[in-house]
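Colleague: Chains as they are written, first to last, in numbering that gives the first Met the number 0: chain B, 0 to 295; chain X, 0 to 295; chain L, 0 to 295; chain A, 0 to 295.
Since the hints were made in silico from the structure, they are not lab data. Among the clues, some could well be false.
To give an idea of the chain X side of the interface with chain A (calculated C-beta under 10 Å), a few residues [as the list claims (entries may be wrong)]: (1) 47; (2) 111; (3) 120; (4) 217; (5) 219; (6) 252.
Source: prediction; values computed, not measured. Ideal Cβ placement from N, Cα and C applies to all residues, glycine included.
There are 4 protein chains.
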Amino acid sequence: MEPTTKHTWRSKLHEIIYEADTPLGKIFDVSLLIVIIISIILVMLESVCSSGCTPEDFRINPQGLLSDFVRLLNDNFFYISEWVVTILFSIEYIARIVSVKKPSKYIFSFYGIIDFLSTIPMYLSFFIVGSQSLVALRALRLMRVFRILKLTRYIGASTNFVRALKTSRAKIGVFLLFVVIICIILGTIMYLVESEEGSGFSSIPKSVYWAIVTLTTVGYGDIAPATPLGQFIASFIMIMGYAIIAVPTGIVSSEMTKFNKRNVQTNTQSCSNCLCGNHLDEALFCHKCGHELHHD
Amino acid sequence: MEPTTKHTWRSKLHEIIYEADTPLGKIFDVSLLIVIIISIILVMLESVCSSGCTPEDFRINPQGLLSDFVRLLNDNFFYISEWVVTILFSIEYIARIVSVKKPSKYIFSFYGIIDFLSTIPMYLSFFIVGSQSLVALRALRLMRVFRILKLTRYIGASTNFVRALKTSRAKIGVFLLFVVIICIILGTIMYLVESEEGSGFSSIPKSVYWAIVTLTTVGYGDIAPATPLGQFIASFIMIMGYAIIAVPTGIVSSEMTKFNKRNVQTNTQSCSNCLCGNHLDEALFCHKCGHELHHD
Amino acid sequence: MEPTTKHTWRSKLHEIIYEADTPLGKIFDVSLLIVIIISIILVMLESVCSSGCTPEDFRINPQGLLSDFVRLLNDNFFYISEWVVTILFSIEYIARIVSVKKPSKYIFSFYGIIDFLSTIPMYLSFFIVGSQSLVALRALRLMRVFRILKLTRYIGASTNFVRALKTSRAKIGVFLLFVVIICIILGTIMYLVESEEGSGFSSIPKSVYWAIVTLTTVGYGDIAPATPLGQFIASFIMIMGYAIIAVPTGIVSSEMTKFNKRNVQTNTQSCSNCLCGNHLDEALFCHKCGHELHHD
Amino acid sequence: MEPTTKHTWRSKLHEIIYEADTPLGKIFDVSLLIVIIISIILVMLESVCSSGCTPEDFRINPQGLLSDFVRLLNDNFFYISEWVVTILFSIEYIARIVSVKKPSKYIFSFYGIIDFLSTIPMYLSFFIVGSQSLVALRALRLMRVFRILKLTRYIGASTNFVRALKTSRAKIGVFLLFVVIICIILGTIMYLVESEEGSGFSSIPKSVYWAIVTLTTVGYGDIAPATPLGQFIASFIMIMGYAIIAVPTGIVSSEMTKFNKRNVQTNTQSCSNCLCGNHLDEALFCHKCGHELHHD
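If we strip away everything but chain B, and leave its shape as in the complex, we get (with noise of 0.2 Å):
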């Protein structure tokens, strides 16, 4: 607040940085969601060609400017890159902890550690071998839009997500717990019943996996039973998850309501003697002084 302590660099960085109300802000925002979003791309890039690309891989003609790009892919391209997104990273990184008044606070935030993974792999590649694929962690960094999306029209939006998700952590916790459990006991029948059929529920372990493949109606087809008894308890399963999958949506579909009734509830008027909000629609004293409230 005091004049002296907001010119010097290190609080003007901090705006730049941590803040993004000023043009400068924005423009390092913005500049910072682009390096991440290329540096995402070069490490998808990467896996597709690490056993070398041609241009016809891509569907492109053999002449012209994109198998240009493509040819050069198979040189050190990915390297040198991957060391030019690093070091503006650590760029970024000691900045960060430079323009913070308790680096620690950010070393050991969400943010800061995925920050950390995401610079460290290629450091990391000169002492340990192999090391390097670790850079593909860096697609934690797209996290980093969110907080970026904070500050569009976007922010309404996401705060009701955030606090609608939290109330029903809790009981989505349990709901999954419930969920792991019957997978669990449903996996160990379905082992007793299917073991010795050879079709694929070799252990309790598969079997609960198969479970959860079922229960959540993905069903990939890698695991399918194959006596009548089996295929009897596979459809009861599913069955039980068409039933069951109403449950968690439920559970979050009442708390929007809830969420959206309140709302409601704050759009009235204050009153003129305590100020205080959050009356009734059709209250007609405060209900916080007793004070009579106007009619409309």
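With chain B held as given, fit chains X, L and A onto it using these hints.
Modeller: Structure of chains X, L and A alone, referenced to chain B:
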């Protein structure tokens, strides 16, 4: 509104093509719908019979009327009928441009672009070989069904739809962004775990594709984890997908519940004596003071 | 209502067959249900044993009662039992026609047609070879369970169901039309993208079938995209399907919430002056006649 | 309640085993949970290693502690540990019978039967060969987690669950019956259509199994329609399944919304002056007459 403008041929054409309250307008809309459906059935049949059809392909008795029809298909039938439909659509397109006051407004509207895309492929086939396969895009014209349906009793239902979806657009947008980012992160992790197993996770984009297939509970089974760790992570993704499917449902449910409530409560009047509101639609007297209410 | 009509054999038969408040009516309904279930189990067993059953097929010890029963199945058992069931159903069908005042009303009702379809196949088999396989249509008779259930404590639940579904019928109709059109458009686009890859998208109807399989998150995997572009579009379809499954759920949820609310409001007192009900809980005066209500 | 009974060893045992408010009771519950989880992990490991495990199966470095543990598994480790767990469970079972006043009430309760089933298999193995594979039923004991959880902060969430599910039990029952009957009818129709194609619809029960797999959107793909008509019917089933999944969700959602509403409104007081209710939790004055409310 003035009789002078109303009776020119242009305004009459406009009335027939764009409105549907008059008998002629209704006939035009319905016959347009029939032509669209016939043209799509033709496109479908052509794709089925691209390498020559026999009556046996359709399980039809070789003797009989239907069988003659199928034999017809192998000749120039499709080519001729495509041209008939194209000419009909061209006439409609020109009539729409001519009858509207600002043609550019129609041409660049959603339906204008669809109409153009579904008319042009046959003309293009003179210049670009193979472009007539784009007639398949004619399926887009089915969208017009909704515009025609607007005129029927479904209008209330459609409007509620569109309204509820519009209000929850931002929320569902944030949710889908969240799902995509989660899939990129999980796909990347699965690539690190499974890439050396030869179980289909050959690149990060493919793993992300698998993560989307799994999280949305589609589960083709063309790619499926083979290692215990991979199956464990897959189980985690499935259960998560089972839980977060509740989110869009919750959003739309609460949005629709809100609309319902508003509809119920806005249909009320307020008492002229005590000013209290919240009356039932059928109420004749105020339920607070017993004073008679207005009768409409 | 008059005793003279009530004691003729026809009205008695009507009471037994169509009503279920009397002990005889209940016995008739329950024994009908048992015959239906037995006849369906017979049809199922016959389809399993169409090429001859041995006790080993059912994992039954070759010695013992059950084993004798299985051996019996290979003889004329099914043929005889089909005739027994057919004759029982014929008697019931004739009794229903005889006991009702306007037989045509029963014959052309929903249940009348089902009863006819499930009785006729065995008679038809004298004239048309192979038509007895239509006895499988007897499964349709299970629908009668709902009519019999009407008499039990489930009546409230069923009524709410039917009512909520009826109100949301138009909305769900529009929604399903939308889903089908989306699937036709997406299937057509996938055909253009994937048809030359040999990955199963061999015609537009097949691609539309695949789009439905994908959008509804069923995902058999018999047809799956092979090109990167196809997989990208498929991912888009899946995420869309994940989002729009919220729509029917939202419709039914809000519809049911509405009914619940209405139920709360009908549980209130009735006016001592005009006997009208349906008052708000907080009402002090009758909203029909202005008479003061009882204060509890 | 009398001190004399309270201090006998039996009532103390009862307090430890059945209640969990005392420190000893908590220790007992937690250690029981740990023994259950260990016993289930043992059963799972045994099923994985049924044909002999090597450290390589677990991707463990052949040298080291974990590797020694895996080598141990191939000896009598599982046999001995099963007996240790069985003896622990036997002691608990006897203690539960002894400490309760009416042993028959515990023995025939839900948890009593589960406890018995998970203790008996090893004893049975003396008499019936192979019966020890039933130890897998021990997974049922995981159900006890819910009983132990009752004592934690999740109690509110669980109770709401159970309450909402209990009220909607009848409705969901009718719904599931409806789904099963629809699947039997559709499976029968598909059998008539597809049975001669060799695409897996070899009998009616198998077709019904397929109909359930499809309607619940699981979609293994082990059985899939091959004829155009079959695929058309399958599309119809899928879209129907997509629509009717809304029904259980709607039921539970509306049920939970009801509970939420009730919870919000029952936490209120009524004014001592005008007796009107429906006050906010934070209200200090009546919103109808301005009279001061009771302060708790």
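Colleague: Of all the hints numbered above, which does this structure not satisfy? Sort the numbers upward.
Modeller: 2 and 3
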